[in-house]
Amino acid sequence: MEDRKLLQIVQAIFHFTILVLVLTVLLGAVGIYLHYSPKPLFTQKTKSTTIEDGSITEIFTDSIHNATGFIQGEHLELVIENCTGCHSSKLIIQNRASKEGWMGMIKWMQETQNLPDLGENEAKIVSYLATYYAPEEQGRRKPLTEIQWYELE
Amino acid sequence: MIDRRNFIKKSTLASFSTLLGAPLVFAENIPAGYLPLFLDQDDPASPFGKHKDMTVFNDRPWNIEAKAHLLDDAITPASKMFVRNNGVIPTALNASTWMLTIDGESVKKHKTYSLQDLKSKFKHYTYQLTLECGGNGRNEFNPPAKGIQWTIGAVSCAEWTGIRLKDILTDVGITEDAVYIGYYGTDTHLSGDPTKPVISRGVPISKALQNETLLAFKMNGEDVPIEHGFPLRLIAGGWPASASGKWINRLSVRNIVHDGAKMVDGYRVPCRLVAPGTEIVHEDMCIIESMPVKSVITFPKTGAVINESRVLDIRGHAWAGELNVKEVHYSIDYGATWKQCKLQPAKNRLAWQRWEANIKFPQKGYYEVWAKATDSEGKQQPMVIPGWNPQGYLNNACHRIAIKVV
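Protein chains in written order, with our numbering: chain E, 1 to 153; chain G, 1 to 406.
Each hint should be verified, as a subset may be incorrect.
Unchecked claim - Now the stretches of chain G that chain E is said to cover, found in silico as 3 or more residues with beta-carbon under 8 angstroms:
#1 51 to 60
#2 145 to 151
#3 181 to 195
#4 298 to 307
#5 378 to 388
Keep in mind the hints are simulated off the structure, nothing from the lab. Glycine included, every Cβ here is placed at the ideal spot set by N, Cα and C.
Next comes chain E alone, as it looks inside the complex (with noise of 0.2 angstroms):
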């Protein structure tokens, strides 16, 4: 009897070591991921979306591309692939043209600057640049926006 006793509490004793090992090395393990990059857990705003054919996933936040800036849009992942690899994404974002306008850029590109045909990618591209970065009426001279008022010393 005494012998079973004996076994049992060695048992017990062997399976909580077991469980403070584990336990010890699980919160390890996440003591390390936090460490290293923090972010993902506790950014509240960001979501995950998985795009189009579903092997890749990119990160938005407030439907803004994290990576690249871009608005969040049908065929974005045609636009990344086809025009940042030469040149930022900035120089896009900044940029406001009609369908004409984004395909004149094109054709400049592709005329000047070695940007080779894009088959039948160009329309989807062209459509998310019309639709995402299309002109806006402004005038003859905008009011100014914007202002960051401070006392002057």
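Start from chain E and add chain G according to the hints.
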């Protein structure tokens, strides 16, 4: 902790695609050592030691402008000077082995000089020279013009030291049929194609032979900063800054109007004014030469809130391409009335001029202070956006700042 940038630099281009979550087209063309911009996003530490308030429009290639209040210095320091690059900054820049070749149809004989030769054989000159991007102010055109959306800060006036281009051209010997000079630099094309020129512009021979047209090796008393053309830069003040080529290793004296990259398809405006949005054939586009009269209010910074009893000091700079500025005026009533500012003469030809005034506001309220310069031929800055042109050049409309009197 892993150094993210070094980690990325050491990894293969294939892993860029993994991080981007999409294939990177032309990845094989990305120059070695070039960090693709999307990986550099959360590292906004001032590139090239530029002031932290400078606006970065593009990091591939680099395009950075100042804000109006950053241009308050009489001589623009490197930290507040705009950067307009068209290609990738060359990596191999060695002043001790740098060579400059002068060639072209209109030289008597091709000649190559080392940078040391240029510095020792020819007399040095120092001038304050205004360089303004041809597209400064592009953001206001409507319909919008494509390209970098410069606002007001793509202008500078630094002190450049170098040799006169005319001295070296005299040493080489040019023929009577010389029409234009064209520069070539060592920057490389964004597509990675080593055979593709990035930008090769120039100026008519008359501008090339002006006293102030320099081959510069110093800016503000130091070596020209890398992003501004180290070790040798052509400086043609008062013209679109693209005429002032960087990293120059070859100059051609041409018997035709230079036909290099961005001479033909850039920096041109309609020869005759057109309605906004008009399509224009190439034959009706003319090369921009002297920049138009313009001014900027550098103090105070826009958005100042002041007490009703205060007399407000304002100041700024004015410039007029090849010409002098004759007068500067300011208005606090949207142009209904104008008052004259105190204007200093230019330090030398093609340098900007300091202007200042003080204002007593009649009552509390929201005001805009507008500045307007007049050149030595009587031309003034317009208050509205000037003639539309497809590429959005030459917007010299009056600058204005917002003031609240409380």
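Tell me the hint numbers this structure goes against, listed in increasing order. Nothing - there is no hint that the structure violates, so all of them hold.
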